[in-house]
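Participant: Residue numbers (my numbering): 1 to 111.
Certain hints may be false.
Unchecked claim - Distance condition first, Cα-Cα at most 16 angstroms in a straight line; then the derived EDC-like pairs of lysine to aspartate or glutamate:
| # | residue 1 | residue 2 |
| --- | --- | --- |
| 1 | 8 | 54 |
| 2 | 36 | 94 |
| 3 | 36 | 62 |
| 4 | 40 | 14 |
| 5 | 4 | 57 |
| 6 | 4 | 14 |
| 7 | 36 | 92 |
| 8 | 65 | 75 |
| 9 | 40 | 94 |
Hints were generated in silico from the structure; no laboratory data involved.
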Amino acid sequence: MKAKTRKKKSTVTESSGNVFADMGVPEPDQALAKAKLAAKIAAAIDEERLTQTEAAERLGTDQAKVSAIVRGRLDQFSTERLLQYAQMIGYDVEIRFTRRHAGAGRLRIGA
């Protein structure tokens, strides 16, 4: 005898464009900026075929912190520190301000 399977109804919620905002993370723009910076740093480490120890030497930190960045564990890092690391690993960092027409501004990191 076949067992009956019930189909569950799925609901789809449109994203705001920021997964951290969608998850209710405090300061979602800041969290997204840090995640994008960490991804760039990790990509540079990978592109240059650096070990985490070699990357740590270049960044003036220890291997455990490089591991945290690569794994996206960013609570211990400020945005400013990640910007410094991005420069140290070989990126030019440019900060640009534009006036928003309505409401509060937002923080974005672009590549």
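Participant: Hints numbered earlier in the text: which of these fail when held up against the supplied structure?
Facilitator: 1, 3, 4, 5, 6
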